[in-house]
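The primary structure of each chain is shown beneath.
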Amino acid sequence: MSVPILTARGIVKSFGENTVLKGVDFDVEAGEVACVIGPSGSGKSTLLRCLNSMEEIDDGEVRLGEELLGYRKERDHYRRLSARRLAAQRERIGMVFQRFNLFPNMTAIENIAAAPMVVARRTKEVARKRALDLLEQVGLGGFGEYHPAQLSGGQQQRVAIARALAMDPQVMLFDEPTSALDPERVGEVLAVMRQLAFDGMTMVVVTHEIGFAREVGDSLTFIDHGQVVEVGRPQQMLAHPTEARTRSFLEKVL
Amino acid sequence: MGDKTGIALARKRHRSRGEMLGWVVAVPVVLAMIVVVATNENFQWATVGSYLTVPAIMEGLAMTLQLTFVCMIIGIVLGVVLAVMVRSKSPLLSGLAAAYIWFFRGTPLLVQLIFWFNLAALFPDIGIGAMQLDVNSFITPFFAAVLGLALHESAYMAEIVRSGLLAVDDGQKEAAEALGMRPRYVLLTVVLPQAMRSIIPPTGNQTIGMLKSTSLVSVLGVAELLHSAQIIYSRTYETIPLLIVASLWYLAMTTVLSIGQYYLERYFDKGSARRPRTKKPAAPTGAISIIADTSERTLR
Numbered sequence: 001m002s003v004p005i006l007t008a009r010g011i012v013k014s015f016g017e018n019t020v021l022k023g024v025d026f027d028v029e030a031g032e033v034a035c036v037i038g039p040s041g042s043g044k045s046t047l048l049r050c051l052n053s054m055e056e057i058d059d060g061e062v063r064l065g066e067e068l069l070g071y072r073k074e075r076d077h078y079r080r081l082s083a084r085r086l087a088a089q090r091e092r093i094g095m096v097f098q099r100f101n102l103f104p105n106m107t108a109i110e111n112i113a114a115a116p117m118v119v120a121r122r123t124k125e126v127a128r129k130r131a132l133d134l135l136e137q138v139g140l141g142g143f144g145e146y147h148p149a150q151l152s153g154g155q156q157q158r159v160a161i162a163r164a165l166a167m168d169p170q171v172m173l174f175d176e177p178t179s180a181l182d183p184e185r186v187g188e189v190l191a192v193m194r195q196l197a198f199d200g201m202t203m204v205v206v207t208h209e210i211g212f213a214r215e216v217g218d219s220l221t222f223i224d225h226g227q228v229v230e231v232g233r234p235q236q237m238l239a240h241p242t243e244a245r246t247r248s249f250l251e252k253v254l
Numbered sequence: 001m002g003d004k005t006g007i008a009l010a011r012k013r014h015r016s017r018g019e020m021l022g023w024v025v026a027v028p029v030v031l032a033m034i035v036v037v038a039t040n041e042n043f044q045w046a047t048v049g050s051y052l053t054v055p056a057i058m059e060g061l062a063m064t065l066q067l068t069f070v071c072m073i074i075g076i077v078l079g080v081v082l083a084v085m086v087r088s089k090s091p092l093l094s095g096l097a098a099a100y101i102w103f104f105r106g107t108p109l110l111v112q113l114i115f116w117f118n119l120a121a122l123f124p125d126i127g128i129g130a131m132q133l134d135v136n137s138f139i140t141p142f143f144a145a146v147l148g149l150a151l152h153e154s155a156y157m158a159e160i161v162r163s164g165l166l167a168v169d170d171g172q173k174e175a176a177e178a179l180g181m182r183p184r185y186v187l188l189t190v191v192l193p194q195a196m197r198s199i200i201p202p203t204g205n206q207t208i209g210m211l212k213s214t215s216l217v218s219v220l221g222v223a224e225l226l227h228s229a230q231i232i233y234s235r236t237y238e239t240i241p242l243l244i245v246a247s248l249w250y251l252a253m254t255t256v257l258s259i260g261q262y263y264l265e266r267y268f269d270k271g272s273a274r275r276p277r278t279k280k281p282a283a284p285t286g287a288i289s290i291i292a293d294t295s296e297r298t299l300r
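Taken in sequence, the protein lines are chains A and B. Note that the first sequence covers residues 1 to 254 in the numbering used here. Note that the second sequence covers residues 1 to 300 in the numbering used here.
Since the hints were derived computationally from the structure, they do not count as laboratory data. Worth double-checking, as some hints may not be accurate.
To be verified - The list that follows gives simulated cross-link-like pairs (lysine-lysine, BS3-like), each with its CA atoms no further than 30 Å apart:
| no. | chain 1 | residue 1 | chain 2 | residue 2 |
| --- | --- | --- | --- | --- |
| 1 | B | 212 | B | 89 |
| 2 | A | 22 | B | 212 |
| 3 | B | 212 | A | 73 |
| 4 | B | 173 | A | 124 |
| 5 | A | 129 | B | 89 |
| 6 | A | 22 | B | 89 |
| 7 | B | 89 | A | 73 |
| 8 | A | 252 | A | 22 |
| 9 | A | 22 | A | 73 |
Said to hold, decoys possible - Between beta-carbon pairs, the in silico distance windows are:
| no. | chain 1 | residue 1 | chain 2 | residue 2 | range |
| --- | --- | --- | --- | --- | --- |
| 10 | B | 87 | A | 152 | 32 to 38 Å |
| 11 | B | 90 | A | 184 | 44 to 50 Å |
| 12 | B | 166 | A | 250 | 21 to 27 Å |
Stated by the list, open to error - Quick partial rundown of chain B residues pointing at chain A, CB under 10 Å, derived from the structure:
| no. | residue |
| --- | --- |
| 13 | 174 |
| 14 | 182 |
| 15 | 196 |
| 16 | 221 |
| 17 | 223 |
None of the values given here were measured: they were computed from a predicted structure. Even glycine gets a Cβ: it sits at the ideal position worked out from N, Cα and C.
Pulled out of the complex, with its shape left as it was, chain A reads as follows (with noise of 0.2 Å):
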């Protein structure tokens, strides 16, 4: 057994008057490929949010290790870390986002360049090398002066997952990373991402994609109403889910 490398616990998350996570506590061990599923508006991109600051929590704790994330403790209530500190945290959690978010001015390299140039003070010549072994390592390789807008989806995504590699992740967050692509783009994206999960990556995954949950998962947690339903191994609980809300969400996705 390993140690959980990112720990949430008792995550409250509202906006305004709607409460979005009640209380929702996620392990992910190191290595491990953590799926996320459950209906749209359960709360689990809210979730993935929450586990790299980008939303401030109500109640709750992220820990990515030993280390407290977004917020310092002091004797009675959480202080909000600076801009500074969130970054310095973010750098090593890499997203990649449904809608991919490229830099649309910038080539496929320079979006995979710019992070650690700017944050990681790596020369150009440096930060231009990994750019391109990343592109190849995600089927892209030739791709490189490529503008966003003159690429499939599926190579976006290719590309975003590329640029947040970049940064050297200990956990990868993946939101949604195939609901926003046609079809026969998905497989592209998926293999990527199976190739990371086989090379060891410790990654999140929220999708509605269950083959690959299913395939590639070592856990799988289906939150609903945002609340953990139930969390299990993948085949077993695809399978044979304990809970009826489980059992009626598969129902109408399988």
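Please arrange chain B on chain A, whose structure you already have, making use of the hints.
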């Protein structure tokens, strides 16, 4: 379809009767106006020609360009700072910036210029403790003009930059933050370059406006283009020809600025369309897709 030879026939745009009629009416009317203006002796075209490039006008022209350039640079830099402050989460910063914009956008430029010029009447000396400065000694007409024009401009630029920042998708900021970029780099490397696309057209407009607003500082006695023309016609009473001289130079300068704006817009438009604009990959695309295919296969 082509004709029998297989050569495609030329395609021409639709031409309406209304447009034909328009040409028939517009061409004689415009020609007549040109003839009327050119042949009216009261315009004194010969005098216009004789003053067009005299040293006093050239010096005025240089001063106008200098004022425009200096004030736009200050206005843009200050405008960016103000726009970022307005969007800040800190109520102190956003409140200060909002108050600044409220004041400098809400009072007439001419009034501000005269105020700066007469600053010494309000504060004869400024400074801290033993460090005292005589205000009259450093508020020269030129300095008052720069202060008035630049500070007024910055309030407008702040609004333009702010709307430009708003036009950039939030996902861009989030992606940059998720990569660990600090706010400064999120702004300078990701958000601002993309905001430029929507900032440049109105900024071009502002620059042209600034060029003409510099004529207001003639009331402070700064020898810019209009003031130089005024000095000459107050002596010779050739008012109309000298105003035409000034207008022709204003038109020439705004034309040059418009051309510059076109190229700036084109530069910052890169990456916005699907068609390849910049460097193409070294290998032909056909070969690349084959390479990409094989590498995908090895991944699977």
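Okay, which hints does this one fail, numbers in order? 1, 2, 3, 5, 12, 16, 17
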